[in-house]
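A.B. asks: These are the residues of each chain, in order.
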Amino acid sequence: MTGAASIVSCGLYLPQWRIERARIAQALAWLEPPGGRAVSGERAVCNWDEDALTMAVEAARRCMAQAKKSLPAALDLASTTLPFADRSNATLAAEALDLPESLRTADHTGSLRAGTTALAQAAHCGEEAATLLIASDARLARPGSAAEMEYGAGAVALLVTRDPRPGGCEPLATLSAAAHVSADFVDHYRMSGEDFDYSLEERWVRDEGAGKLIPAAIGRALALADTTAAAIAHFAMPGPLGTARRVAQAAGLGHARLQEGLRGDCGDLGAAQPLLLLLAMLAAAAPGERLLLVGFGQGVDALVLIAGEGAAALAQRELAAALSRRRPEPHYTRYLAHRGLLAPDFGMRAERDQRTAHSVAWRKHRELTAFVGGRCAACGAVQFPKSRVCVNPECRRTDTQVGHPLAETAGRVRSFTEDWQAYTPHPPCVYGNIGLEGGGNLLMELTDVEPGELEVGAPVRFVFRIKDFDRQRAYRRYFWKATGA
Amino acid sequence: MSDGIRDKVAILGMGCSKFGERWSCGADDLMVEAFAEALADARIERDRIEAAWLGIFFDEQSTGKSPLPLAMTLRLPGIPVTRVENLCATGTEALRGAAYAVAAGVCDIALAMGVEKLKDTGYAGLPERTKGTFEDLYLPSSTAPGAFAQLASAYAARHGYSMEELRRAMAHISRKSHDNGARNPKAHLRNRITEEQVLAAPMISYPLGVLDCCGVSDGAACAIVTTPEIARASGKRDFVTLKALQLSASNGVEMGHQSWDGSSTLTTRAAAERAYREAGLERPREQVDLMEVHDCFSITELVLMEDLGFSDEGRAPHDVLAGRYDRDGAIPCQSDGGLKCFGHPIGATGLRMAYEIYLQLLGRAGDRQLGSPAVGLTHNLGGIPNRNVASVALFGLAT
Numbered sequence: 001m002t003g004a005a006s007i008v009s010c011g012l013y014l015p016q017w018r019i020e021r022a023r024i025a026q027a028l029a030w031l032e033p034p035g036g037r038a039v040s041g042e043r044a045v046c047n048w049d050e051d052a053l054t055m056a057v058e059a060a061r062r063c064m065a066q067a068k069k070s071l072p073a074a075l076d077l078a079s080t081t082l083p084f085a086d087r088s089n090a091t092l093a094a095e096a097l098d099l100p101e102s103l104r105t106a107d108h109t110g111s112l113r114a115g116t117t118a119l120a121q122a123a124h125c126g127e128e129a130a131t132l133l134i135a136s137d138a139r140l141a142r143p144g145s146a147a148e149m150e151y152g153a154g155a156v157a158l159l160v161t162r163d164p165r166p167g168g169c170e171p172l173a174t175l176s177a178a179a180h181v182s183a184d185f186v187d188h189y190r191m192s193g194e195d196f197d198y199s200l201e202e203r204w205v206r207d208e209g210a211g212k213l214i215p216a217a218i219g220r221a222l223a224l225a226d227t228t229a230a231a232i233a234h235f236a237m238p239g240p241l242g243t244a245r246r247v248a249q250a251a252g253l254g255h256a257r258l259q260e261g262l263r264g265d266c267g268d269l270g271a272a273q274p275l276l277l278l279l280a281m282l283a284a285a286a287p288g289e290r291l292l293l294v295g296f297g298q299g300v301d302a303l304v305l306i307a308g309e310g311a312a313a314l315a316q317r318e319l320a321a322a323l324s325r326r327r328p329e330p331h332y333t334r335y336l337a338h339r340g341l342l343a344p345d346f347g348m349r350a351e352r353d354q355r356t357a358h359s360v361a362w363r364k365h366r367e368l369t370a371f372v373g374g375r376c377a378a379c380g381a382v383q384f385p386k387s388r389v390c391v392n393p394e395c396r397r398t399d400t401q402v403g404h405p406l407a408e409t410a411g412r413v414r415s416f417t418e419d420w421q422a423y424t425p426h427p428p429c430v431y432g433n434i435g436l437e438g439g440g441n442l443l444m445e446l447t448d449v450e451p452g453e454l455e456v457g458a459p460v461r462f463v464f465r466i467k468d469f470d471r472q473r474a475y476r477r478y479f480w481k482a483t484g485a
Numbered sequence: 001m002s003d004g005i006r007d008k009v010a011i012l013g014m015g016c017s018k019f020g021e022r023w024s025c026g027a028d029d030l031m032v033e034a035f036a037e038a039l040a041d042a043r044i045e046r047d048r049i050e051a052a053w054l055g056i057f058f059d060e061q062s063t064g065k066s067p068l069p070l071a072m073t074l075r076l077p078g079i080p081v082t083r084v085e086n087l088c089a090t091g092t093e094a095l096r097g098a099a100y101a102v103a104a105g106v107c108d109i110a111l112a113m114g115v116e117k118l119k120d121t122g123y124a125g126l127p128e129r130t131k132g133t134f135e136d137l138y139l140p141s142s143t144a145p146g147a148f149a150q151l152a153s154a155y156a157a158r159h160g161y162s163m164e165e166l167r168r169a170m171a172h173i174s175r176k177s178h179d180n181g182a183r184n185p186k187a188h189l190r191n192r193i194t195e196e197q198v199l200a201a202p203m204i205s206y207p208l209g210v211l212d213c214c215g216v217s218d219g220a221a222c223a224i225v226t227t228p229e230i231a232r233a234s235g236k237r238d239f240v241t242l243k244a245l246q247l248s249a250s251n252g253v254e255m256g257h258q259s260w261d262g263s264s265t266l267t268t269r270a271a272a273e274r275a276y277r278e279a280g281l282e283r284p285r286e287q288v289d290l291m292e293v294h295d296c297f298s299i300t301e302l303v304l305m306e307d308l309g310f311s312d313e314g315r316a317p318h319d320v321l322a323g324r325y326d327r328d329g330a331i332p333c334q335s336d337g338g339l340k341c342f343g344h345p346i347g348a349t350g351l352r353m354a355y356e357i358y359l360q361l362l363g364r365a366g367d368r369q370l371g372s373p374a375v376g377l378t379h380n381l382g383g384i385p386n387r388n389v390a391s392v393a394l395f396g397l398a399t
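Chains A and B, in that order, give the protein sequences. Just so we're aligned: the first sequence equals residues 1 to 485 in the numbering used here. Just so we're aligned: the second sequence equals residues 1 to 399 in the numbering used here.
Taking lysine-lysine and the DSSO-like style, the derived pairs with C-alpha atoms no more than 27 Å apart in a straight line are: (1) K364/A / K131/B; (2) K386/A / K131/B; (3) K65/B / K131/B; (4) K364/A / K386/A.
Just so you know, the hints here were simulated from the structure itself, not pulled from any lab data.
Construct the complete structure from the given sequences, taking the supplied hints into account.
C.D. replies: Rendered as C-alpha cells:
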C-alpha cells in the first residue's frame, strides 16, 4: 500500500456539558403537542467559553499527543461554525497548538461534508508529509426547533500521512478511494451572518436527496477502490437512522454493520459527525476490514477505508474518554444564555469595554495564543509572561529567559475563590493562583469548575478557551485557562 | 545612612469629612469639609501653606487627572500642587509628599489632601478599570474581594485551619470593627453586627461574605504638616510627629514565583521592618499602642497581624478570637471602625487612618478614646495580594 494515505492518529473532544433532551422538551412543553418529540438521551453542548475553534484545539492536542514523532506540514480545519469569517481560524488553531510557522493552513467550510472533503484532500498530501485534519462544529439551534434536539458539539482530529510506516507505527486506517458528488440539493441552509439553519422536510430529503445521491456516490467509490459492496464490513453516514438504513439497502450494503452514531450520548456534531462516525466504525472494526464512510451536504463524499492494527483500541479509548468527561447542564436557561439566546442582566460590570490593542496582541501572540512563558537559562525559573528580568528573587538576571511552552505542563491550585461579583457568563467566576510544575505561578481563570469542587492542592491542566467578547467591535479573544486534571 | 523622617515633621492640624454615601456631595464638597476642620485645628491662615499634595485614585470617574481639583477647589494661591497615586496607599503617599517637603527644609508648611468620590459609579463595589493593554489579554476579570479571598484559601491550607475555623476568626474581626464604628460619628456604617450575621451573610467571593467586606464610601481627609520647631512656636503644647513612613512595592515575586505561597503580604513585612527601624522601635509588639490597618476584607486584617509582627506565624486566628486586637485588647486595631465601617475612598483612606491615630494620641477621640496611647501605626495595602504597594507609618507624641 505504499503511497496510499493513512490515518495514523486520532483525537476526539466533546465539551463536558450535556443537556438532556427531556429537559429541553420540559422547558418548552407548551410549544408542542404532548409526546411529539423524541426526547431520549442528551446532547453535548459548549460551555460559554468554547466554540468550534477551542474544541478543534482540544481534539488536535489529543491527536498530537499520540503521535509525537510526526509533525504535520499542513493543518486543515473543517467546520460550518468557525468564529471568524475572515481571519484564518486554522492559523489561529495552529498557533494555539504551537505548530511551526512553515505550516500550510486552510479553513474548510460551507457544507456539512467539509470534514470528509478535507479528509479526501488530505489524502493527496505530499509523500511523508502529514496533515492535521480537524473537523469541529458547534451549531446554534432555534429554541423549540427539531435541530435543538439533534445538534451536538464536538471535534475530531486526524493525522493523515502518506508515509507507509509513519514513526514506525502501523496506520489506524488506510484510505483506498474517495468518490464525490456535487449537487446543490438544499436539505437545509444557513445564509452568511445568520444564526440558525433552515431545514426542509425530512421525507423529501430522504427520498430525493440522500436516497438517490448517496448510493450513486457509493457505487463510484467502490469501483475506484476496486472492490464490491459485499466486501464492506462497516457503513456509516450522518443523518437519521431510518435514512441510513434505506441508503444501505439501496447501495447493497444491507449486510454491513451500520454505525448508528451517538445521538443518545452527544447528538449530531455537524461537519465533525462523519469523522465521529469513522471513529465509531474503527472502534468496532477488525484489522483489514473495509469501511464505507459518507459525508452529505450539497452532494456526497463517499470514502472507502481499510482498518489497521490498533485502530479499534485507540478509537475505543478516545470515545470512552470523551463520553466519560460528562457533566449535566441542569439549567435550560443557562444553556440558552451561553449561546446568546437569552440575555439575562449580568450587571454593570458586564458593560466593560474589551477593546484589544492588536499591536500588543501581535507582539505577545506566542504568550497569549501558544501559552509560551519564559524559563531562565541561568537559574531555571519558569515564569509567565516571559520577562526581561528574571522573577526569581535569588537571580534577577536580565535577558536570560528562553521560550518555555506551558500548555502541556501540569499545574496545582495554590489558592482560589469563587467570585459572584466579577462578570462571567457562568457565575461564579473562579480564579486562583496556579503553581506550575517546575516552578512559576499564575493568577488565572478556571473553567468547567462548579462551586464547592475546588480545593487547594487540586491538580489542573490547561485549556485554550474564549477569554472574553468585545461586543462593540464583534470580536472575541482567546487565552488559556486551568481546569480540573 | 540617612536617619529617616523620625521627628522631623509635626502635624499642625488634621481634618476628616463624614464618610458615607454622600449622594449630595462631590469631591470638591468633601475636600472643603476636611480642609475647614484641618485649618481650624492648625490655627493658621490658608495662605501660609506653601505646597500641597492631592491623593486621588479613580480620577477617571470623579475629578479627572491633575492636581487642579485641589488647587481650584481650595483656591490655593498659585503654590505648587502635585497629584499622586499609589494604589490604596494613595492617601499615605500624599502625606509622604508633604512630609518629605517639610523634612527636606524646602517649605515650612505643606498640605496633604486625600479624597475619593466612589458613589457615582452606579453600582456597589469598586469601579471596573483596565489592567493595561497586555494584562487585560490574560489576567482574569477579578474583583477586589475575589483577589483578597485568595488569602483565605492559601492561609487555611498553609496553617491547617478548616475554612470554618478561619471564618469564625474573620467574623470576630468584622464584629469588632462594627462595635468600634458604632462609636464614631464620622463612620459610614454605625450599626453593630453579630458574628452569626457575618457567617450567614450572602457570599460575595468565597469565603468572603458581604460582611467580610469593607464598605464603599465617599470621603476626604487631610493633614497640614510643618516642622516641630514651627509647631512648638505656634503655641501647641502637645503635638504629633511622624516617627516613620515606609513604602514597599511588589517586584512580581508574588505574581510569578512559588517562593510566595499566597498566605501573606510580603510588602507589608518589608515596609514594617523598615518602619520599626526608622522609628527606633525594637519591640513593636510592646511599643505600638494602637493601629489602623488595611482591613479591606476581614481576612486581610487577619493575615496583617502576622505580617506586621503582632501575631506569631499561624497564630493570628487565636489572637483575634482571644480579643488581642479588640478595643480593650493589647493592641486595639481599627478603633475608629476601620475600612470596614468607613469604607474605602481610596485617596482618603491613609489620611483617615492617620486622623484617628492623631486624635487618639492627643486624647481627642471622645467616646472611643483609648487611655493615653503614645505610638500609633497606620498601614495600607494597595492592589491585590498578588502584587501591591504597602505603606507603614508610625506616629507618636513629640518628645
